[in-house]
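**Student:** Letter by letter, the chains look like this.
There are 2 protein chains.
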Amino acid sequence: MDSKWRQLMTDMKSGSVPALSRLITRVESREPGWMEAMQEIFPDTGKARLIGITGSPGAGKSTLTSQVACILVEQGFTVGIIAVDPSSPFSGGALLGDRIRMRDVSCLEGVFVRSMATRGALGGLNQSARDVAKIMDAFGKDFVLIETVGVGQDEIEVVKTVDLVLVICVPGQGDGIQAIKAGVLEIANIFVVNKADREGADQVVLDIETMLELGSDSDALKPLIIKTIATRGEGISFLVDQTLDLLKTLDRKDAWQKNRIQEELIGLVEKEIVGLIKKHWNETGGLDRAVNQILDGESDPYSIAQKVTAPVAGFFKQK
Amino acid sequence: MDSKWRQLMTDMKSGSVPALSRLITRVESREPGWMEAMQEIFPDTGKARLIGITGSPGAGKSTLTSQVACILVEQGFTVGIIAVDPSSPFSGGALLGDRIRMRDVSCLEGVFVRSMATRGALGGLNQSARDVAKIMDAFGKDFVLIETVGVGQDEIEVVKTVDLVLVICVPGQGDGIQAIKAGVLEIANIFVVNKADREGADQVVLDIETMLELGSDSDALKPLIIKTIATRGEGISFLVDQTLDLLKTLDRKDAWQKNRIQEELIGLVEKEIVGLIKKHWNETGGLDRAVNQILDGESDPYSIAQKVTAPVAGFFKQK
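Top line first, the protein sequences correspond to chains U and P. Residues in the first sequence are numbered consecutively from 23, following this note's numbering. Residues in the second sequence are numbered consecutively from 23, following this note's numbering.
It is possible that some hints are incorrect.
Which copy is meant is left open, so a pair is good if it fits within one copy or across any two.
Using 27 Å as the maximum straight-line C-alpha spacing, the simulated DSS-like pairs for lysine-lysine come out as follows [claimed, not checked]: (1) Lys26 to Lys182; (2) Lys280 to Lys300; (3) Lys69 to Lys280; (4) Lys280 to Lys26; (5) Lys301 to Lys329; (6) Lys182 to Lys244; (7) Lys300 to Lys329.
Derived from the structure by calculation, the hints contain no laboratory data.
Just need the whole structure built from these sequences, with the hints factored in.
**Tutor:** In structure tokens form, the structure reads like this:
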């Protein structure tokens, strides 16, 4: 690690917020030395609790996230927020006045907010979110809230690696729980029915209960269903209390934790190797030649992929 | 290729729909021989036009997709549909009566519909969709419609590889175009304002126009904006006419096409190598050992990833 990294690490560890920001940026953009930095950070991680907050667009995720953060801060905890949702006001993706809708921003003053563009995350969205959460953890945050839109597969993968998942549903979105049901159902620890003053809120609760019974596993802990009106702060204290209670009962050293580490390891190795291949292909002009061969009808993507991977296959066979 | 593959290929080429289905399943699940099958199929591809249909959940994508398919069939074209959206009725992901909403299913009789679970696609969602589209292309389909929810990053990547992209917006979804704006704006060829009989439809058109002006590139072809009411079939003929006109003007052998092949090549190589590593790790028990080292605090994911990739890095350096 060069002296620039070294200085940044020292500043971050001593509590400098600008250093924290810069460190995240350098890790996110995979600047040389990022792996060594993460290696050094790793032993300082494992203290923060990661909470995923997900739901369909327009469900009020950002408002709810900021409300939850405020209450945690009031209770004396330190909080970081990672906004993966590209349309989140945290991400600056708001064109249509969303910023105005953000309430109680003053209580967020001590909260470190980091938005992640879904594109351009060189290590992949999942891994970048994991890296950033680890850095915030090492920085000393007690809680890291990860806000993500719960519709895309990649976004769902992000919340799979947290300690506890809140899924936000709202009445009056036409298809009710349709938007969030695939793949999210099984990872939800708490369903939050937000905008609960709207007509149809009870129907949403019923829909969730029906869904839970259909997919019921008698051994598993049934997810809670909690009503909130995030814009007015109603129900949020109760939600936070329940979340903290639930976190106490969840064991982190179980099979799920093992899976999570496996996923992360494979993901890291994958991105590294792809980086190596891209670099090699760029330096040798191999990618251009391959593309031209395909365009000219001399070859096809499958044959070329096989040719490129053959030596790697051979390498693993030897061992 | 063994005799089972051989038979399947022969049957598929002679027009057997069950063979087409089985072939897709085998390729999707990466059964040994899938690459050779795709190599053989590749020269028969390139004739079908791929149309991506995307938008937020509840925008009426499935209804619109089936309507577009019906009109293409009426005009004498053969059509395939790939539903990537996990909550699409095509995907069987509908719990809440969506199937009832599907109209004119009779006209879809000759249409081959394939739904893709977003999880379990071994080659990754993008590559699987590309493979399936190629197989449908080789089977002789004139058009392949790919329906996908336009919110997740992975899902957006899918529609990036098609010839033409329809983005569906609807009035009354609270945040209007908010849900679909990130990353989708720049790839839309036609914006479809569906449910145009609803209040606020003109506002959605205005919002899109404003957005297009903000991101305007004077050289680029401005996307069209077309109003439809898919449940009543209104506006669909006009939409199909415009789509066909636009397809004629789009050149497929441009820089974009080159990018597309590059992306596909890198994706294929990536998945192959990750498969090799996973296999190697499973056979040697290396993954379990690594996870235990991390759980016991003896190592961290970053150090292990670096160790595993070092020989591959060395291999590429030699060459």
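**Student:** For a quick check of understanding: which of the numbered hints are violated here, in increasing order?
**Tutor:** Hints 1, 4 are the ones this structure does not satisfy, whereas the remaining hints hold.
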